[in-house]
Each structure stands twice: as C-alpha cells, then as structure tokens.
Amino acid sequence: MEKQEWKRVLWKRQPFPDNYVGDSFLRVSKKCKKVSLSAALYGATAVTPEICSCLGLVVIFYGMSDSKMDSSVVLTLTAAVGIIGYLITRDHLAASIRNDAKVVCFYVVLIACVSPVIKSLTGSVATDSINACTTFLLLLRLVVHDYGTQVAIVNPTVSHNVGLFASVCLASRLDSDLDVFTLMTVAVALFALLPTFRRRCRSGLGRGWNLVLTVLVVGVTGSGIIQYTPHLLLVLVVALLLCNCLMPTLYICCQGHKQNIYGPWDEAQIEDR
Amino acid sequence: MLGCAAVTILVPEQLCSEADHLLSGSFTSSQATYDGKISHAVVITGVGREFGPHLGCINNNRHHTRRKPESSVWVELKSHPHIALLSVTMQDRNIPLSDVNLVIYSATEICQSELIDKKFPCCYAGESDHHANDIVPYLIHCVQRDCSQQIHNEEKNMCDRFTLCVINMILVISWLPKVSLQYINSLLMSRLEYSSTALRQILLRISQVEKIQEEMKENRKILISGRLLAMIIMDVLAGVSIACAISSYASVDDIYSSFRSCTKVVAEGVHVLLEWLSGAPAGLKLNQPLTKALASFFSYHVHLWRLYLELAEPVLRWLAWVVVWVGACGASAQVAVLADLLDLATLHLYCFYVYAARIHMLQICVLESQWRAFRGRKWNPLKQRVDGQEGGGSVDSLSRVLTTVLLTLSLFLLPTTTVYYLVFIMLRIVLNVSRGLLNLAVWLLNINPVFILLLSAIGSTRIKGDIYFASVGEGARGSLKHAPLTPLLLRLHTWSTPLNEILSSTHIQDFFPVRPVPHWSYILSSVMFGQDLL
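Protein sequences appear in the order of chains X and S. According to this note's numbering, the first sequence is numbered sequentially starting from 942. According to this note's numbering, the second sequence is numbered sequentially starting from 237.
It cannot be assumed that every hint is accurate.
Claimed, not checked - Listed next, the stretches of chain S that the computed footprint assigns to chain X, with coverage defined by at least 3 CB atoms under 8 Å from CB atoms of chain X:
id, stretch
1, 515-525
2, 610-616
3, 644-656
If you're looking for bench data, these hints aren't it; they were derived computationally from the structure. By construction, the Cβ of each residue, glycine as well, lies at the ideal position given by its N, Cα and C atoms.
Just chain X, with the same shape it has in the complex:
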C-alpha cells in the first residue's frame, strides 16, 4: 500500500504514521568511494618517478665521488635538459623571459658562492651519520611530497626544502668545488623544477603516455644504478615493488573494511581556504 517514498517534509500529507522512521531519516552519507584496482595502480605510478629522482641523486653522488663521472658532462647534460624543459613549458609560465633569466643568474651565483663553504661544512661529522641523515631526509621528502591529493600531511615547502637539505649533506662529502656545484645544480633541477614539469605532464597527457614516461624514467635510473652503484639495485627493486604492487593491492583489499558514515551529529568541518 505505501508505494510512495517517505519524504522528510512536514507540509505534505503522507500516508505514514507520525512515528515512522524511513531510510532517509538520518541523512547519512557514506563517504567511501570504491576505487578500482587499475585506478589504484595508475595512481601509484605517481610516486615512482619521485623514488627514481631520489635514487638518481644518490647515484650521481656516488659516481662523482668515485670519479667515475665527469662533473662538467653532468653539468652540461643538466643544463641542456633544463633548457629543453623550459622551452616546452614556456607557454604556461607567467613570468617573462627576462625574469627567468635573472632567477637563473641568481641561482648560479648563489650556489657558486656557497660551494666552497659547503665543501668543508661536515668535515667533522662521520660518514655513517651523513648516510643515515640523508636516507631519513629523502624518506621524509617522499612522505610529504605533493602527489596531487589533498591530504593534511602534504607540505610542498617541506618536501622541497628537505630534499635540498639532503643534497647539501651529500654535497659536503665531495672533494672539489665543481663537484659540489654540479651536485647542487642537479638537486635543484630534480627537486625544484622536475616536480612541476611532471605535474603538468600528468595533467596534460593521457594515461598511456604517462605510463610510457614512467617506464622510461625507471629504465634510466636502473641503468644508472647498475653502472655506478650496484649495491642500490636491491633498494630500487624493493621500493618499486612495494610502491607499485604491494601498496595498491593492500589498499584495495582493505577498502571493504572502511565504513565511514557522516551525519549531522559530526562536528562542523571548517574549510581553511
């Protein structure tokens, strides 16, 4: 008999008794959006290039300190890649070419002046402490990096600054001023300029192209590791497996247990924008 739905209004004559409780009575919203496996796997590929950048920095450091890499070659390579990236994204940039040139000049002068000071900065600290410190700082960078989500733990300033801090710690172990300058430039390119480029790519290109780019980055890093620091290969493999295979499956499995119900009894959430 009661075919019509019970509505939560007082001005309508409804055939239900006064103390009827319907389904929509509590205005409950279930806040779990089910995520599919492919979406989770695709999302996890945003973390992979960051892991590769961090490991790439360590590879370059080891290469230069073992004198297997020539610092001027690295420097020219970085400059070339930087210019190419700048030319590609020039349309989107707000500032003029003159401003950007000034900024680049300032970077160069600053890092060149600071290099000799950095060279002798950690002379009194043990190597093991430096290694532990750098590992911890790079992990911190990966944790608080902005991957495109809006979570409270994300702090792009901290991730950027911590990455540079780690690179200063590493660079203080090198021997010549040019080496220090090179490593700092590479760090600035990897941690300050590349994330913006990557974000633009991810939003601009389609899924397929993004996957291709990710595989390319992993390949380059892998070859670098094999050539210069073979002992880090295991780290790379474990990190990639953890990040790309284990974590998404775990997330999908545990999704079913998430039962968040939000209703009018919750505290008001103030948007801090």
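We have chain X; now place chain S onto it with these hints.
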C-alpha cells in the same frame, strides 16, 4: 584625651625647685565627637619669661595669686619638694583636681630628639586646628617650636663655626674640578655609554659634602650630617693610610711595571686560549676553516691591543700615580679607580665579547626565521603571530633554495660559533662579577653607619623616637582619703628607636650610591639571544 579627665596639664620636670615665677606655654581644647565633652590640654614650656602668654605661676608660699585677666587658663603649681598641682582655673571656673591629669615630661629630651616628630607628626596648619585628643603630637610641636625660638636667639659655638669654615673651603676648592668632572662624565655617558665608577664616586663625595654644609647651616639636626661626616672622615683616613702603606712598600714606577707585566700575562693567556680553540678544544670537532678564520681574526686583535698598550704608556703611568694618591678622597675612591682600571685593562676582551655576541645574535635570528620558512610558515607582523602558508603559494623556488642553504649553513656552523661565544661570555661574566664586587665594596664604604652605632651605644637623646607613659608612685604622698581629690600623675619617658629605622630614615637616596644588584632576567636573555650586551 587621657582617661576621662577634662584637662591635661603637661609640665617640664625642670620646674622642680624653681623659684616663684610666671609660667608660659600654650593650650588648646577640642570637643569629643561621641559625647560632646570638651577636653583641654595645657602645655607649659617656659618659666620666668617676660613676653608671651602667661598661663600660670609657681606659688610655693601660698600667698595671694596675681591673676592675669586676659588669660582664660590659670594654673598654679608648687615646685617644692616635688611638682604638685595647686589649682586650675578655666574660663573663670575652678576645675576639681580629680578631673585633671598632670604629666611631667623632660624638655631637654624632647628638644634634642630628632626622630620623635617623625613618629608623632603634627600635621595641622594653624593653632586653631589643634585637637586636644592628639596630646602627644601637640606637646612635641609646642616644645620643639619653643626650643627653636630659643636657639635662634643663641649663637653657634666655636666648634660648629670651625667645621663650617673648613667645609666651605673644601667646597670652594672643589668647585672647578666638580664642573669639569661632571662634563667629562656626561660626555662619557652620552658618547660611549660608559658610566665611570671613579667619576661617580668623586662627584658623590662632593655632593655629600654639600649636603653636610646644607644640614649644618639649617638646623640643629646632626643625625644626617653627623653620619655623612663620620663616614667621610673614616673613608679618608682609610684611603690615606692605604696610600702611605703602598708608597712605603713600592714606588709608583714599581706599581706601573707590575701593572704592565699583568697586562702582558693577560694578552699571552688570550693568545694561548685562541690557539686552543682553533684546534679541537675539549675534544669537540669544530669546522676547521671557520675556527681558523675566527682565531686568526682575534689574534690580530690581541696584537693591536698590545700596540695600544705601548702607545698609551704615559697615560697609564699617570693613572698608576692617581690610584695611589686619590686616597685623599677616600678609600672608596681608590676602589672605584681600581674598578675603572680593570675595565680599561680588559677592553680587548670586551671587544671580543661584542663580536662573538653579535655573530651569535645573527645566527639565532637566521636560524629562527629560516626554520619557520623551512616549514612553510612566516611571521605576520600585523597580527604578531606565525601564519601558515596555505593561501600563499607565491613563494618561488628561489627563496626556498635560499632558505635551505642559509639554514644548512647556520645549523652546521652553529657549534663552532657557540663555542667561541661561550668562551668569551664566560670571561665577560667573570669580569662583571669582579666589577660588581668592587662596586659592592664602594657601596659598603659609603653606607658606613658608625656614627649611628656610636649614638645608640651611648644612648644619646637624639635618637630617642618613641614615647611611653609611666605613673609616678603615690604611696609616700597623701593618704587614701585624699586619693579621689588628687590629679592623675604621669611621667612621659622617651625610648630609643630601633636601629634599622634610624638607618633607613637617615639614608637619603641621592647621597648614597645605588646597591649593585644583578638583574637575572636581563642576564639570561642576553646570554640566550645575544641582543642586549652584558
């Protein structure tokens, strides 16, 4: 009002065994607020004077009284063998003796006491405002007024005159030095922000002598001027004896050469310290380039200091002579000059401390601001709080790179500069403590209370500041049946004020130096942040 008597008569004990004379003094009356009874107080201050309102007479022989018609109060006393009251007449009415209090006081004690009017102040404007309820202040006011009128008519004695002469001479001689020293002092304070202890002490001494002269001219109070005079004499004796002792052991040249060798030892010690710091002090591993740079900078400074000492030789020679012979101004001046010499001799250590403190302050500032910027926050000066940077996003990479670089540099260089800062601040604190001890010695020499202690030891009347009443025994005089008809007989005694009250009342702030007290919060904030200098 004493008891419920209508009239209180206060009589000096000097009247005992006086001949028949007229009595003079003053009287007042007031009405009690609660029951409307009028009470009177009559103070007898003098006997045998020709002028002034006469209030009564001494009538030993019981002959007919000569009553003055204009006075409304007439008191008749008997002075042989004891002081006793014969009759009291108020406004043509004879008051029954049982309604009268007779208080005997000692005029000399009240005249000479200098502290009694502080304890019982008589703060009335004119005669008509006096209240008979406040008998003691009224008594003190009348007696002391009478005393000062008598003293005006007397002359100063020879001793006072001689002291005043000597003091005037000293002030005239010291006028020119005082003006020049004041000028130098103000110059030092305004240009270099340095307050010289020796100049302050000498100027203080001159102002103390001026105060003595002012006090001695004005009135008969000797507490303050006596304290200052005794203190100055003791100080000068101590200073002259020290000067004679020093000059009998060594000549001025010897003193100067020992001073020079002292400063050489200090310079060598600083050099050794700097060498130690540029290595690995106490096993700490410092940043080598930085510590070598700082150590060489400070060593060069020590080298400049040694040059300065050699150039300033004649001035220092003269200063050594001054230290010994400024004892003529007092031992406190010698100690003060010693404190100043200590400052001069360790000027280079003060410079080092200033450099180290400024570097430390810079580092703390940079660390604090860059640590905030590192986490993406900034200081909002409008609201005086730290803000997050959510809505910002306009911070470009360049400032972030700069922040990181600055933070890293400051963080890793912090131990080195902190070690230097700690070393120099320890030295500075040691010097400040010794300077504080010397200032304390100057203060102690200046607040010498030997005069007051002497006065209280001999029980002088000048320091009696308190009053109590005692009843005089009636047992021997009069039998019981006369008891209701005799007046209440009391005696006013004086009592010494406690020592600390005398000392605090004679301690005038401007004429004694300030007690050196460490300000702990200032010291702590200066050590932590390096902004204010010790």
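Against the structure, the hints come out as follows:
Given a C-beta distance limit of less than 8 Å, the hint that chain X covers the stretch 515-525 of chain S holds, as 5 residues qualify and 3 suffice. Given a C-beta distance limit of less than 8 Å, the hint that chain X covers the stretch 610-616 of chain S holds, as 3 residues qualify and 3 suffice. Residues of the stretch 644-656 of chain S with a Cβ under 8 Å from some Cβ of chain X number 4, which satisfies the need for three, so the listed coverage holds.
Violation of the numbered hints given earlier is absent; every hint is satisfied by the structure.
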